[in-house]
Amino acid sequence: MDSQNSAKTSWRERCRPGKRRLIQLYSAVLYNAYAKGFIKGEIYTGNTKLMCVPGLNCHSCPAAIGTCPLGSLQNAVASSGNRAGFYVFGIIMLWGLMLGRTICGWLCPFGLVQELLHKIPTHKIKKSKVTRILSYLKYVFLVAFAIAVPLWFGLKHGKVVPGFCKYICPAGTLEGAVGLLSNPDNVGFFKMLGLLFTSKFVVMLIIGLACVFCYRSFCRFICPLGAIYGMFNKLAVIGARVDADRCTHCGACVMNCKMDVRHIGDHECINCAKCMDVCRQDAISLKAGKITLIAPSGGCADDKPDSAAKRAKGKRIAWTVALVVLALALLWYNIPDKSHSSANGGYAVGDELSDFTIECLDGESFHLGDTRGKVTFINLWATYCGPCVEELPHFNELAGEHKDDVAVLAVHSSMSKDDIPAYLADKGWDNIQFALDTKDDLVWNIVGGSSTMPQTIVLDRDGRVIYNQVGSVTPDLLAQLYEQASD
Amino acid sequence: MDRKKLILSIQSALCVLWVVLMAAAAIHIYRDGLAYQAQGHPDAWIFTREKVTAAFGRYLPVLLLAVLTNIVGVVIGVRDENQDKPVADPDTIALYKKERENRRDAAEEAARKQRLRIARIAVLIVAVIFVIAGIINGSMEDMLIRAVNICTECVGLG
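Order-wise, the sequence lines are chains X and V. Quick note: to get this note's numbering, add 1379 to the position in the first sequence (first position is 1). Quick note: to get this note's numbering, add 22 to the position in the second sequence (first position is 1).
With the rest of the complex left out, here is chain X:
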């Protein structure tokens, strides 16, 4: 039907976005309302990140104003040895219960990306028995990468490793990694790119290509978040509903659907409501409880004479409210930005770092001025940052080798709910002085601390910065920096 129409309609009509596309676009912009982040090359650090957005949207994207539910879930699972991540579980359950996979179809920015890629006119691979079998693969990804990997590293090694984010997530690569790298101010981030970035970049390209040929490939075969929401789909308050009295079980809805559904509203159904166009019985509608959100062209069976008019009025009000909310969000996040603390400056290579004193976890004080004549390493870290924890033994080793010539201060981010002394108790990193940054981020501001960790700052014997980079360090690099600072 579409193909016949496509020849007759103008390209403008064919490209005109539908209701669903506009809502997808709306949610993508709303989730990423901190547009200023792209200009600054920094992520948003305000309190709205206390809330998970429903769709897959990397919270490392410079513009993201909320937290990614999948990333948070993995962090929560990884930390389950310390604290059960009830909050994230609860929020995901609430989203699932309210919307189910309607989120995938209407509110997921990466769903929008996949659908736009599929618009590229190429040969297409249709659903089949193979794709139906592959659709169960996302449950494997959920269990293996989003649960087992974080759980294993968290419990066994005390490290936070969000397996899916780290090794696969194309949304993270696109929005987080590429988003941060695209800013000229973050040119230093290129230093840390290696095997991990190369593999994730290639994975992103392959997934993108798959989406061009096969409708929503990531969503159907890989996305663990879709797998979770799929489990809630039948319970969800909002979703596609079939009028049992009108339905003749002809199966046209399922046979025309591009997802691997067996029934309307099952775990694969993203409630996109496209099946309404092919249902000749007008049996399908999109409902929120008893309220009809989208009715079939012939109306619903329980419609009253004024129902259509009421729905039209409701839509107008909803769009008005939504647009006002979006405008306010864009204004709020981009003009009166109060969340980001300004750094002091004087931390670039060649600068002399401002003096500071901070109380260490062992009760002693670290006074930067006292380290003159020594090579000083300042490391910004956190217990929940995998690469940070991995590189601290290298600092400890270096400080042990050059006991009277090197000072190492490892400053933990002020934001922490963990018991850091207890965490460090059995590590044996005795050559390092550990401190928790002050509430107003004293050290972080003085050294130009980034919201991405780890970060290492090296000062020569005169207190001048010779190195200030985000990213992991190796023993070789540390030895080389020591030599450089000693010259």
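Hints are supplied without guarantee of correctness; some may be wrong.
Unchecked claim - 27 Å max Cα-Cα, derived DSSO-like pairs, lysine-lysine:
no. : chain 1 : residue 1 : chain 2 : residue 2
1   : X       : K1508     : V       : K107
2   : V       : K27       : X       : K1498
3   : X       : K1613     : X       : K1694
4   : X       : K1613     : V       : K135
5   : V       : K120      : X       : K1653
6   : V       : K107      : X       : K1503
7   : X       : K1505     : X       : K1653
8   : X       : K1666     : X       : K1694
9   : V       : K107      : V       : K120
10  : X       : K1653     : V       : K119
To be verified - To give an idea of the interface, some chain X residues facing chain V are shown, with a C-beta separation under 10 Å as derived from the structure:
no. : residue
11  : W1390
12  : L1559
13  : F1569
14  : A1623
Don't read these hints as lab results, they were simulated from the structure. Cβ coordinates follow ideal geometry from the N, Cα and C atoms, glycine included.
Given the structure of chain X, go ahead and fit chain V onto it with the hints provided.
Chain V alone, transformed into the frame defined by chain X:
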């Protein structure tokens, strides 16, 4: 081969080609960088803005050609018409035939809806308890902390 099929084939080939070239370029930069580091430059950067820009620029004509073909395809209404045809999967047909024969009666449907309502309320209660427990045990703040202090590995930077 008619004009539309030709455009579809060209566009398919261009998409595959661009992805292969970009993936190969990334792997090439990585391997080159690694080899250079092994030659006694351990602190040399594997990826640099210049290398990435040069690789992207090298294959930009392929991308531009793909974009151009895309625009032409959209304007003249080229699409794989096969994608709009229903998939007459025998399993689905059999499933719906069976359902036609065993239609649920009204009582069964009402009981199913009742079960759903109970399950919904149960899940809602559990979810609300979890959220409150999360606020109390600090997992809400934990989530914020990890969303504003990101680790470079977690987004695939390294």
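Hint by hint, here is what the structure shows:
1. X:K1508 x V:K107: holds, 16 Å
2. V:K27 x X:K1498: holds, 16 Å
3. X:K1613 x X:K1694: Roughly 25 Å separates the two Cα atoms, so the pair holds.
4. X:K1613 x V:K135: holds, 11 Å
5. V:K120 x X:K1653: With Cα atoms ~24 Å apart, V:K120 and X:K1653 stay inside 27 Å; holds.
6. V:K107 x X:K1503: holds, 12 Å
7. X:K1505 x X:K1653: Satisfied, since the Cα-Cα distance of roughly 16 Å is no more than 27 Å.
8. X:K1666 x X:K1694: At roughly 13 Å apart (the allowed maximum being 27 Å), X:K1694 and X:K1666 satisfy the hint.
9. V:K107 x V:K120: Measuring from Cα to Cα gives roughly 23 Å; hence the hint holds.
10. X:K1653 x V:K119: holds, 22 Å
11. W1390: holds, 5 Å
12. L1559: Holds, about 7 Å.
13. F1569: Holds: closest Cβ of chain V sits about 5 Å from X:F1569, inside 10 Å.
14. A1623: holds, 6 Å
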